[in-house]
Amino acid sequence: MSEPLLNVTGLTMRFGGLVAVDGVNLSADTGRITALIGPNGAGKTTIFNCLTGFYKPTSGELSLSHPTRGKVSLQTLPGYQVARHGVVRTFQNIRLFPRMTVLENLLVAQHVGLMRKSVLGVAGLLGLKGWRTAQKEAIERARFWINRLDLAAVANEEAGNLSYGMQRRVEIARAMNTDPLLLCLDEPAAGLNPRETAALGELLQGIRAEFGIGILLIEHDMKLVMGISDHIHVVEYGRKIAEGTPEQIRTDERVIKAYLGEPDEEELPAVVAADIAEVAAGEGDRV
Amino acid sequence: MATVALPTRLKDAAIAAGLALVLAIPFIGLFTVSTDQGLVVNSRWSWVAWAVGLVFAGRLLLGAGRDALAARANRKNNEHIDLTNHHKNNRILRGIAIGFVVFIVPVFFLIYGGASGIQIILALVICLLIGFFLDILGGFVLPALKKVDRSSVGTRLTRAFMVAALLFAVTLPFMPYSDRYIIDLGTTVLIYILLGLGLNVTVGLAGLLDLGFVAFYAIGAYSFALLSKFFGLDFWVCLPLSGLIAAGFGVLLSLPILRLRGDYLAIVTLGFGEITRIVILNWQGLTGGPNGVSGIPRPGLFGLSFERRPPEGMVSFHEVTGIGFSGEHRLMFLYLIVLALVCLAAWVINRLRALPVGRAWEALREDEIACRSLGINPTASKVSAYAIGGMMGGFAGCFFAARQGFVSPESFGFIESALILAIVVLGGMGSQVGVVIAALFIVMLPELGREFADYRMIVFGLAMITIMVWRPGGLLSTRVPTVKLDQKGA
Amino acid sequence: MDASALGTFLQYLINGLTLGAIYGLIAIGYTMVYGIIRMINFAHGEIYMIGAFVAVTTFSLLASLGVTAVPLALLLVLLVSIFFTAAYGWTVERIAYRPLRGAPKLAPLISAIGMSIFLQNYVMQTQGSRPKPLAPVMNGGITLWNGDGFTLSISYIQLFIILLTLVLMLGFTQLIGRTALGRAQRACEQDRTMAGLLGINVDRTISLTFVMGATLAAVAGVLVTMYYGVIDFYIGFLAGMKAFTAAVLGGIGSLPGAMLGGLLIGLIEAFFTGYISGAYKDVASFSVLIAVLVFRPTGLLGRPDIEKV
Ligand SMILES: Nc1ncnc2c1ncn2[C@@H]1O[C@H](COP(=O)(O)OP(=O)(O)O)[C@@H](O)[C@H]1O
Ligand SMILES: [Mg+2]
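So the sequences go chain by chain: C, Y and A. Residue 38 in my numbering sits at position 38 of the first sequence, and the numbers go up by one each step. Each number in my numbering comes from the position in the second sequence (counting from 1) with 1000 added on. Each number in my numbering comes from the position in the third sequence (counting from 1) with 2000 added on.
Worth double-checking, as some hints may not be accurate.
Stated by the list, open to error - Here are the simulated EDC-like cross-link-like pairs (lysine to aspartate or glutamate), alpha carbons at most 20 Å apart as the crow flies:
| hint | chain 1 | residue 1 | chain 2 | residue 2 |
| --- | --- | --- | --- | --- |
| 1 | A | Lys2105 | Y | Asp1367 |
| 2 | C | Lys71 | C | Glu158 |
| 3 | C | Lys136 | C | Glu196 |
| 4 | C | Lys136 | Y | Asp1184 |
| 5 | C | Lys56 | Y | Asp1263 |
| 6 | Y | Lys1484 | C | Glu137 |
| 7 | A | Lys2105 | Y | Glu1410 |
| 8 | C | Lys257 | C | Glu236 |
| 9 | Y | Lys1484 | C | Glu158 |
| 10 | C | Lys223 | C | Glu196 |
| 11 | Y | Lys1484 | C | Glu196 |
| 12 | Y | Lys1484 | C | Glu140 |
| 13 | A | Lys2105 | Y | Asp1486 |
| 14 | Y | Lys1484 | C | Asp150 |
| 15 | A | Lys2281 | Y | Glu1368 |
Note that these hints are calculated values from the structure, not bench results.
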């Protein structure tokens, strides 16, 4: 069996005395949706932060199998380099460039490639042909994602003025504009209504099918998670307590206990969703 | 909302007047004079009475005016609550801002220009008309070229204004009414525009506060002064060198502060400005200390000198062209070079905004963390923003030295940094037209008030507060997108 | 170290402490305002300058009225100066900053710079641009050590400055830590909206913060007037800049930080002037500040602000 796209082993993150992530192993592969679930404060976002270079993990190995660059240890890269290796994320609390338009947001995401093609700006300043073509291509790529995420009507609006649901979509579109290998989504359905959530599920499945990239998904909406995930990892208090297919997780004793404190397998998804929604609502402005 | 009853307003005005009384007593009412017997306290109570009365009346009127405005806004809001109102508002304000400049310039010329104000107003009107004409022409030509022009009235107005301003600026030195003083002042305005454009990159685009921008100005000026003094280099060699040296210092400055944010940047950059000034002031051997450097050569045109007696190896402009010597030619020439560089700088920066470099600056201003998550190296963005901004400051300094023929540390105090920052913020962060308008305002207002020289800085300080309170986002606060998606088939 | 060198060192130490005490008093004004509304009150230096001018006027007035008892005169001057300076501090906030709450971040800064330009020129116009010399109020001092090759003395005024500052700082720490006002302030620092919802009068709390800052600045103004015996309209800018440096060095927003920063800047200035060069003392202060910030981006006692993602 070949190496998975991402292989995390023994990831540990300490903040002073608090062990936010404790020896977590997980993997994510191309063409698959891998979900990461767990109660609030379990350390899911912290795992993302380690993965995408915002925190230096206390210990552990984050190994990426890059198609051209071979094996890369993500934890050794400077933060901004992670995205250049194809691992890109969205944020639990949306982080757009609010005073730039949707189109501009998506063009910023293509910075690395465009920077090269504008020869650090020189070719761009002179308006050379190569640059002009590159710019057109960049806009076309942005247009593709704008249409794909149904943002055409607001393409020239400032991102900060959009509705919450639209901002979530812009963030995903922006991440996709970096041409990622692994797309990491931190609670993309938080704050969406059921219809928007269903659309999100279809979108993610579409991306998986069409682009064959890996998706790593943190999500509390169990219906969504159970519906689209190929594989699920469950964390609690920084430790991984279970992993498996949605069916296996649905019936896993420890998972049920973690969520409910008592076994009650039938109703798990609905109850958990309601439970989590309640907690999440009170948590709106935490990162 | 109901209007406030008169008694309430009277009471409010009385409170304000009471406060004014308290504030006025120790400074307006009492003052000390040095005599042989030490300090003696004198009084001028009539002034206090005036101050208190003014505040009372002013507060009353202001309250009434605010009520009226609020009532109108309320009526409007009840009619239709939508976003178009906001846009209309912006357009009106832009109109006011432009009108303000169109107004301040002729008034200025009326007072100081030797010639009649009619000439100036005529020149301005003609420029504006040409501007509009060109814009309308563009409206016909562009569709013919199959380039659709979808710009709004606002942007077209701004564009027309820019064309007019440019025409006015280019023709200014050749106009009959332009004397030494006016051309010189024009040069000053242009130098401040250049400084504003530079700082606009750092603060307006990249969002990195800089309270010590004057350092780059000083470094540019001293680079030229010292390079010419010690190595005999001339203006045209020193101009790019000044820019590069200042850019180098920009890089140097940016390194220790990469990790700092917002307000911490304020004091460190302020410190950098002060350190520069103090070093220049005290490094006597190199900079001449407080005496400065004099005898800085004037720029020539392809080896032609504008001096009456050209330096060795140069021929004088008036001999070659045979127009006869005039000291003004030199000023006109300098004015035109600065104007050219200002235009070039504005063009380059505007262009950079739509390139990855510039877009990364704006993204950095908006959200540094999001930038990192997209593979943008924030360090590179910060360093380049300080470097490009610093370079503009360096150019401006070089021009300053060339204009004065003399530099001293006095010209580079903190107040300069504050004024340049004020140009950027008052104009509206990131807006180049805003920089032009604010630079005109900042340079011309104190000049206008030369009659009341004593009080002009008081008025100036008050004006800064008033404008900020009136328009916290600056005069032109709407951001123009760098690129638009045209809706195919939509 | 030989005896006279030790004496010189101790003398510089005393001078530095005196200076540092004054910077610390002003720095508290910066830090409290920053803590509560996250803005740099650039005009705070001018508030201190206003305090000094009121002090000069009051001292002169008292002298002409024949009030010669030093303790009485001093008490009166302190009270008068605090009263008027606090009025200025309150008004500055009301006019230039309150309308700009929630405005883009740089707007209040520019407004503050405008206010600073205004106040400086206002005082220059109303009081004249020439320096104001004041006859010494407190003379004499204590010789702490004499003989063994050196003398060490501390003047009464230095002693007074250091002691008064100590008392004020202790008092303020208690005020912030123990009283309802202090609690309201800390609540507003953390979350202004929430504090407002819980019934704290946010506007009043902010106004009082400015008044408290101005009070300490007024005291600093009185002390400086007595210490140097001469003031002019420009002292606010210089002292303000140093106090601001001190506040940031200590960690802006932190009260003990402001005191520590003030002391450090005072000591750096005194020692640098004494041992190396007076001309470059400000370069030294700023260099120390930059060096500290490189390693501790939020100052010595500032809470490191964790970048939560
Ligand atoms: N920068 C940080 N400093 C200190 N503690 C942190 C930091 N980031 C996260 N934590 C703590 O780590 C734990 C896990 O948080 P998080 O990863 O956000 O949980 P989740 O995303 O699963 O809800 C929490 O207790 C949180 O307070
Ligand atoms: Mg989380």
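Quick rundown of the hints versus the structure:
no. : hint                  : verdict
1   : Lys2105/A - Asp1367/Y : holds, 15 Å
2   : Lys71/C - Glu158/C    : violated, 39 Å
3   : Lys136/C - Glu196/C   : violated, 31 Å
4   : Lys136/C - Asp1184/Y  : violated, 45 Å
5   : Lys56/C - Asp1263/Y   : violated, 26 Å
6   : Lys1484/Y - Glu137/C  : holds, 14 Å
7   : Lys2105/A - Glu1410/Y : violated, 30 Å
8   : Lys257/C - Glu236/C   : holds, 11 Å
9   : Lys1484/Y - Glu158/C  : holds, 11 Å
10  : Lys223/C - Glu196/C   : holds, 13 Å
11  : Lys1484/Y - Glu196/C  : violated, 27 Å
12  : Lys1484/Y - Glu140/C  : holds, 12 Å
13  : Lys2105/A - Asp1486/Y : violated, 34 Å
14  : Lys1484/Y - Asp150/C  : holds, 17 Å
15  : Lys2281/A - Glu1368/Y : violated, 35 Å
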